[in-house]
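Chains as they are written, first to last, in this note's numbering: chain A, 1 to 428; chain C, 1 to 428; chain P, 1 to 428; chain B, 1 to 428.
With a straight-line Cα cutoff of 20 Å, these simulated SDA-like cross-link-like pairs (lysine to any residue) come out: (1) B:294 <-> P:27; (2) P:294 <-> B:24; (3) C:102 <-> A:13; (4) B:378 <-> B:45; (5) C:294 <-> A:366; (6) B:373 <-> B:27; (7) C:102 <-> A:12; (8) P:102 <-> B:14; (9) P:294 <-> B:14; (10) B:378 <-> B:27; (11) P:159 <-> B:133.
No lab work stands behind these hints: they were computed from the structure.
4 protein chains.
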Amino acid sequence: MTTTTITPKTTFDRVESRVRSYSRSFPRVFDRAVGATIYDVHGKAYTDFLAGCSTLNYGHNDPDLKAALIDYVSGDGIAHGLDMFTDAKQNFLVAFERYILKSRDMNYHVQFTGPTGANAVEAALKLARKVTGRTNVIAFTNGFHGVTLGALAATGNGKHRGGASTPLTGVSRAAYDGYYGPDIDTADLLERDLSDPSSGVDKPAAIILETVQGEGGLNAASPEWLRKIEAIARRHGALFIIDDIQAGCGRTGGFFSFDGMGLSPDIVTMAKSLSGMGLPLAVTLLKPEHDIWKPAEHNGTFRGNNHAFITAAAALEKFWADHAFRQEVESKASYLAGRLSAIAEQHDLKVKGRGMMIGVDAGSGERAAEICKACFAKGLIIETSGSFDEVVKILAPLTISHNQLAAGLDVLEDAFDAVLGMQRAAAE
Amino acid sequence: MTTTTITPKTTFDRVESRVRSYSRSFPRVFDRAVGATIYDVHGKAYTDFLAGCSTLNYGHNDPDLKAALIDYVSGDGIAHGLDMFTDAKQNFLVAFERYILKSRDMNYHVQFTGPTGANAVEAALKLARKVTGRTNVIAFTNGFHGVTLGALAATGNGKHRGGASTPLTGVSRAAYDGYYGPDIDTADLLERDLSDPSSGVDKPAAIILETVQGEGGLNAASPEWLRKIEAIARRHGALFIIDDIQAGCGRTGGFFSFDGMGLSPDIVTMAKSLSGMGLPLAVTLLKPEHDIWKPAEHNGTFRGNNHAFITAAAALEKFWADHAFRQEVESKASYLAGRLSAIAEQHDLKVKGRGMMIGVDAGSGERAAEICKACFAKGLIIETSGSFDEVVKILAPLTISHNQLAAGLDVLEDAFDAVLGMQRAAAE
Amino acid sequence: MTTTTITPKTTFDRVESRVRSYSRSFPRVFDRAVGATIYDVHGKAYTDFLAGCSTLNYGHNDPDLKAALIDYVSGDGIAHGLDMFTDAKQNFLVAFERYILKSRDMNYHVQFTGPTGANAVEAALKLARKVTGRTNVIAFTNGFHGVTLGALAATGNGKHRGGASTPLTGVSRAAYDGYYGPDIDTADLLERDLSDPSSGVDKPAAIILETVQGEGGLNAASPEWLRKIEAIARRHGALFIIDDIQAGCGRTGGFFSFDGMGLSPDIVTMAKSLSGMGLPLAVTLLKPEHDIWKPAEHNGTFRGNNHAFITAAAALEKFWADHAFRQEVESKASYLAGRLSAIAEQHDLKVKGRGMMIGVDAGSGERAAEICKACFAKGLIIETSGSFDEVVKILAPLTISHNQLAAGLDVLEDAFDAVLGMQRAAAE
Amino acid sequence: MTTTTITPKTTFDRVESRVRSYSRSFPRVFDRAVGATIYDVHGKAYTDFLAGCSTLNYGHNDPDLKAALIDYVSGDGIAHGLDMFTDAKQNFLVAFERYILKSRDMNYHVQFTGPTGANAVEAALKLARKVTGRTNVIAFTNGFHGVTLGALAATGNGKHRGGASTPLTGVSRAAYDGYYGPDIDTADLLERDLSDPSSGVDKPAAIILETVQGEGGLNAASPEWLRKIEAIARRHGALFIIDDIQAGCGRTGGFFSFDGMGLSPDIVTMAKSLSGMGLPLAVTLLKPEHDIWKPAEHNGTFRGNNHAFITAAAALEKFWADHAFRQEVESKASYLAGRLSAIAEQHDLKVKGRGMMIGVDAGSGERAAEICKACFAKGLIIETSGSFDEVVKILAPLTISHNQLAAGLDVLEDAFDAVLGMQRAAAE
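My request is simple: use the sequences and hints to build the entire structure.
Next up, the structure:
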């Protein structure tokens, strides 16, 4: 089997760009995946606690989604139609309207942007600037919104920002909920900045945020803080944008991460798990009164991925037609929180996040990396998050079975014990 | 049938963003497509001379690509794996290396960017700035490189630029080949600008161009001019980037639009027809010496679309393992050029473009729109291009049969006659 | 006398731009001034509590400075010599070195920028970017650094920022000392931002601030806070720039506003009272290790105003050869603080500022404007400051006699009583 | 006398910034100047063919201007009054209106900006953006408009641009008259760019230019070309700005460099010789319909330099009350042109420029530097201009006597002979 392992390595080393990243943490060649399990070319099974960074909320190759796609392709369904009307798009819109918008009494237009989260964010920021006639945007510490130039300006991560190799403009930074510790309400700071005409923080076109910062360290904002921020946006004439790319599609329980919080964002960006099966798809939801785009003003070849429409519509119908899935996620999230709290308590660490977007701050990036490495050696794929990659982050498929979840958490618990025990030993 | 027509309209009108564009030219709901034919939900067949703006060079649902995809999905092949190593990615890289790079004696690293052309361009510009430590980029009049903020700065189209609603920075504009008429060699103007330290045109990180400007009016640069531009880039320490997103993948005959021209771009961006079946996929090809990315410095959820790898590898093997396809395209291109020349001559118009990326300048956007509308009424899907949308552009699948191509051109010829005849009549 | 009043008004109305501002508050034509008194063309005397916004710290037409200038001009001293060596420049440098730098054990190079404060700030920011290779600059809420595009980006005032009519770039905003109330140490917030690689606040080339914000509302930073900010700059590799344009030249007691605070800024900008007599002059003081300018890299026609060198050297010798002047200023400042505290206490208001750069927050811009108007009616020229122009600001010449100062304060006290009494009456 | 020479050198070396430039070409300490003669501290006289880069068009210390200034200062005239109404300002406006505007049937508002040319340009660009709601500005190859960030973006010189150490934005570059050789009308190229909505050159707020490029190599635009550019500005809704800072105030004959050309710029910037005596003063002339500034929207401490108003008004009356001075300048310019043509012909070189802003392209910066050095050794102060500092530029005071001008030109002629003769010898 050695040969097989070597050959692929050689190809990747020879031809793939050095920018590749996850393949460094998980140096295996994978070929097949079902549910929460992913297999390498040698047939070894891994439990997937990464799930495409929340792109596979319904697991790998869900049988119903898969069947719908095969059926569509077999029948010569349109794969690519630019942004023309297709039956597949219509069915997706019908499902999205029925299962998502109507039940929440939400009224939004759906913009099909290029099929990346960054593209949805670019569209959102452009539109907010167009609507308000302003150029500044407020984004938050540790926020992640993508790496194309417009979205990257809103992203906090220094490595990604540095990748631009040119100054990033158009964004003023504000502190996320809790960023300056529990005694400072950062929403009040922002309100102070925006209500002072000489603060030097220009009136914004938009305030953009994630309700839980997936890449930024699983910081979860409180509903109260989010409502204050929305009110600040309204008061100062800015659009309120929720970037629900990582936290949406059930990851925190509801379809939207802000379900039930009494929020009414002007724009919502979605991608990742929207297609349900990991296919590229991104949308920007717009309140109709803001939908002042001229035709094709924001365009792109792959806006509207018909294969993704098929799987997305199937996923909406399967998981969001009633409350069962949400309750299942909440139940798992509760179990997950209990297990992680125990781990955290054991090692005097802190649990972070919300719903099934939760993790443990290991105290340092080195530790977190060792823990993830130890997990991988035991067949568990798991990654880190945070300014210093210090948070071990669990992003299991929401559909994972209780047993597989529990078993994965056992591996994780052992890894914490092993690494932090060792570190304690080394320190003594 | 009225009911069916009305219902979808209602859904789209109610829920889809006003930014939609092609559905305005072709107000039908399509559901199925094979080869060069696309069907609406009433079963009416249309010949597709748009081909996803050159995304469907091998036609809709090529049987071999489709079979490979169904096979992969049926076997629970990984749909989404972030940028981890997968068997599908490896096979794509092996095929790309074998059929494309090696036979051309090209040595490039393949960066899987987010699956949009704009994302590939963003990566290219970021890397060029990183490599050179400069920030300025030279882009050309009428160039189109995408609408995310970094790429949009390089795009010439005023409507798209205006969509940013904020100034676009980091790009100096230069005139494309022939832009100032036949007597002025615009490469000489650029050389003058860059060799004068007080011209005010800052030394660029990169010069980026399309060899044929697909959106900009089918302007085709001469090989001599392209070689001069490459030499200018070299002389002034800039990277030479060819954006082959629309013109690549056989559209002009060779796999690369610059095949056989003696060019050696530092970076090449590709997307559109790369997956072969219209699935979202984009790559940036980098000369290895420029591949100084840090891991994940440019990242994204959907970089590396495994379904697209499957169809792309199949397409490479099917169409690029030998010269047959290229010769077939060249033969069709020759026929096409003859037919269009006849139309142009008849109406005293001008043929533009190269290979199967060719069209007729109808003299005004209004005329071109009428012609396209007349074609659509006769079952031919065709679109315009150019600063004033004045060029009727033929982007038929390269695999279209001679008969279907001829029949489509008959429709087009009639439409020119009808519209220009009518206009003459109206003028008289 | 009516004729005289009308004619000038007519000229100004006819020919001067609508951008004029102070002439709106003080609609008289002035022609002569001595010490703290300024006369209009009808011979009416006004006490000047504005002093050219701290440009006339030594009063109008100080007899010694005036004599030196007349002497120089009479002897055909060079008025303009670009930045060539002149005797006048040499004498200024000798005096500056002797009376200012040496006695403080400071080692700085003097850069003669264009003779405006904004130009000195532009030079400072350019150099900081050149030295560090970074582009971001930290500036503070309510800071004022000028209105040319580079300096304006650092200025907080919304009206001035809006005047650019284009986005201002290159500056991240931080909160000044006390900006978020007494319980929040804003230096800690900045430290948090800069020590988090994912905060989204890029590592700065410089941190620029005023020790007292002259235009921003007479906010005075504490020495402890200033030292923390300097330490933060050092820790994060940024240059520490003090903009001493309004607070310098004795306004707060010492020649530099930061004298005796244990600070060692990398760059200091000076202008306003530097020439001593109101003549245009600005300098940027640079630590020698940062003086990496290429010859003429920052240039300008009027850098080095020789008439101003003459009066500046005379002023340095007259006022800064020993401690007498400083003590005189401190004594007046103490008297001033007492009088303003009494006014503030009477009306339940707050005193703001430091040294002879002090005022009373009248609670609203309308009130402050009425108070200033009432003063002017009684022959006192005084202006406002602050985000809402709510602070009545005393910037009397430092050389004002005790009697004239006291008499001016009597007028001011009456004006507060009249306006706030009236407002109380109106409210009752 | 050695001591005197050494001491100053030491002071300058110790305390003045390395950015100093002209003192490198003329390493003497000067102390006195009259007319076209400047004296160093040893009493050695130099003829001044630099004249403060056209700041001393009326020579050093003109007796009438000097007398007016001494008179004003002696009478305690206001030196600094912010932008309040003063008698001095009024007299200047009256004179400017009478001698300059009315006789030309021009109707402009005068904005007193900070007293640097750069500040006047910053004001002009800000206002053009405010008036048009656009942000792009067209500036030309080899243009020089100052080095503060907004003006610097419009400046072509690479060394100055590099000094920003951050990307310069908001300006698109166009080619100046003749830039691409005699066969290409660059106005036509600009018209092509601006009339194509997809050129990628955004519709500009303004087109800014010098009629003769003083720093850029004495390139003189033809009246026809200037009229075409003005027409282009009008046609595309842009303001037409003439930067007359170096070429104005009689340098090319008329008070404005564009006198008699049939031009009607929307904005004119002036500085340098405006005060008549080398004192800092700058204005921006605005057509009244564009004067939409809010009060103080563009402000600054030294806007309105009263000493400069005195000398400026005296200069306007002395030199511009009738046509005598203009005729005198034209006569000298004609003599000058003849002498330089002879020199150029002798060495097969090219004369550049217009009026008394004229020079000889020496073929290389090295040669030009040697020529200037040789002149200085013979008591003639003269400098270079151009992309490569290749043009030896004569900017003598316009008031220079025929004899002194002739003698200076003799020195210059000898220097050309010596340097170019030597070079020929060296080459042989």
